[in-house]
Amino acid sequence: MINEILQAIIFPGVLFTIAMGFLFDWLDRKTAARMQGRIGPKITGPSGILQPLADFLKLLFKEEIIPSHADRVIFLFAPALYFLAPLLSMLFIPIIGPTPLAGFEFDLLAILFLLAYAAFVVTILSYSSASSFTTIATGRLVLQYVSYEIPLVLAIITAALYSRSLSVEGIVASQSTLWNILVMPFAFGVYIIALMAELEKPPFDIPSAKTEIVAGWLTEFSGRALSFLKLTKEVGYVFGSALAVSLFLGGGLGPEVAAVPPPVLYFVYFMVKLLLVGFLIFVLKTALARIKIGQATELFWKILTPVSLAQIAFVLVLIQGGVLVAT
Amino acid sequence: MLERLATWSRKRSPWVFHINASSCNGCDIELVASLTPLYDIERFGAILVPSPRHADVLIVTGTVNAQTKDRLRRVYEQVPEPKHVIALGACAAAGGVFKGCYNVGQGVQDVIPVDMFIPGCPPRPEAIMYGVLKLLGEVK
Chain Z
1 MINEILQAII FPGVLFTIAM GFLFDWLDRK TAARMQGRIG PKITGPSGIL QPLADFLKLL
61 FKEEIIPSHA DRVIFLFAPA LYFLAPLLSM LFIPIIGPTP LAGFEFDLLA ILFLLAYAAF
121 VVTILSYSSA SSFTTIATGR LVLQYVSYEI PLVLAIITAA LYSRSLSVEG IVASQSTLWN
181 ILVMPFAFGV YIIALMAELE KPPFDIPSAK TEIVAGWLTE FSGRALSFLK LTKEVGYVFG
241 SALAVSLFLG GGLGPEVAAV PPPVLYFVYF MVKLLLVGFL IFVLKTALAR IKIGQATELF
301 WKILTPVSLA QIAFVLVLIQ GGVLVAT
Chain G
328 MLERLATWSR KRSPWVFHIN ASSCNGCDIE LVASLTPLYD IERFGAILVP SPRHADVLIV
388 TGTVNAQTKD RLRRVYEQVP EPKHVIALGA CAAAGGVFKG CYNVGQGVQD VIPVDMFIPG
448 CPPRPEAIMY GVLKLLGEVK
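Residue numbers (the working numbering), protein chains in the order written: chain Z, 1 to 327; chain G, 328 to 467.
Derived by calculation from the structure, the hints in this document are not laboratory data. C-beta atoms are modelled at their ideal positions from N, C-alpha and C, and glycine is treated no differently. Any given hint could turn out to be false.
Computed footprint of chain G on chain Z, listed as stretches where at least three residues anywhere in the stretch have a Cβ under 8 Å from a Cβ of chain G [claimed, not checked]:
(1) 61 to 72
(2) 112 to 126
(3) 221 to 231
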């Protein structure tokens, strides 16, 4: 019992997830800086690795301003509710062994629910601050959400259909011989693009467009609320990449090495794949420029939804034809 | 202990909000130049934030005239404590070449308290970075 509580709180639970969020933020800034010919964070810790921690602490120690028109209750409590979503979802991902901390038979549905919950919380959060910039941002946020959600869910469902399981654990276990990405490369691509829209990374940083609407829905937040909202975005980054690894890249599965105990090996494989997926997103987000909200909606509805439907049809044909059935 | 942690994080993460109080754009270009690959002020944790509510350091450029006075004060009040103000360039320091005009005062310090003046018309990016770092050295 004590052991499980410690696992949930420290490793591979909450504290580990937050530390990974900081690491992802640092890697993101370093990669972007390198690609632009800069150095990036340098003096805070070795190579600036403590920079996200310094940012987080500084915001915690700052004054928190509440706009006079804002809905005080939602404005103060919604950042905490928003923070819960990726943190809880992370407990369904197997990190140090084939069994996740809090997995159950239909946990993929719980993850889909938490994605919708996060979008809902961020919408009321954005509306609660009641300024003209956040109102525009909310409209864009909701439109972007209804755009990317369908392809995102279709891509996740493709993996579930092929592996004949609605739990992340079952989907990972079914990939011991063949990774899902080899069967459904387009579903993986659609998932990554939709994930970037969910995380509001360029080219989909439309709801937080710096040059158009100040800081988007983050405009009115300061101090503690801002630090947690930023942390949530970073943890969401980790969770999105971890889900991609579990659904398409075989989780922590890989060739066995005799000298290394299985949990350590599982963890190492998982981390390597996680960082690779993260790196793919860092490079894409630095290389691409923002598109318009209409273009984003067209991309998702007119191109990516048919692509993911075609991918589902392909997978169904494979299953019916008895070719390449997952174990 | 907590105090030391707070000081450490404040020294390492100065987020800058830039307000153009009717500047000629000279200082603004030099400020943006300090973000470019040659100088890269992000090495010290400084980034340019889009909203004054996220900022720690307010950098004001330009001669503050009757039009921008109220707006400057309003933006200053939106920055959460602890906050610092840097007046960048000759105009922000004392009015510059526009000093004596009917609508120009004695610079930024007439309107809001200033922690650091960086003179020059415009100041070089090295001078801007030196000023920011010197200000950070005095952050308590």
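Structure-based check of all given hints:
no.	hint	result
1	61 to 72	holds (count 5)
2	112 to 126	violated (count 0)
3	221 to 231	holds (count 4)
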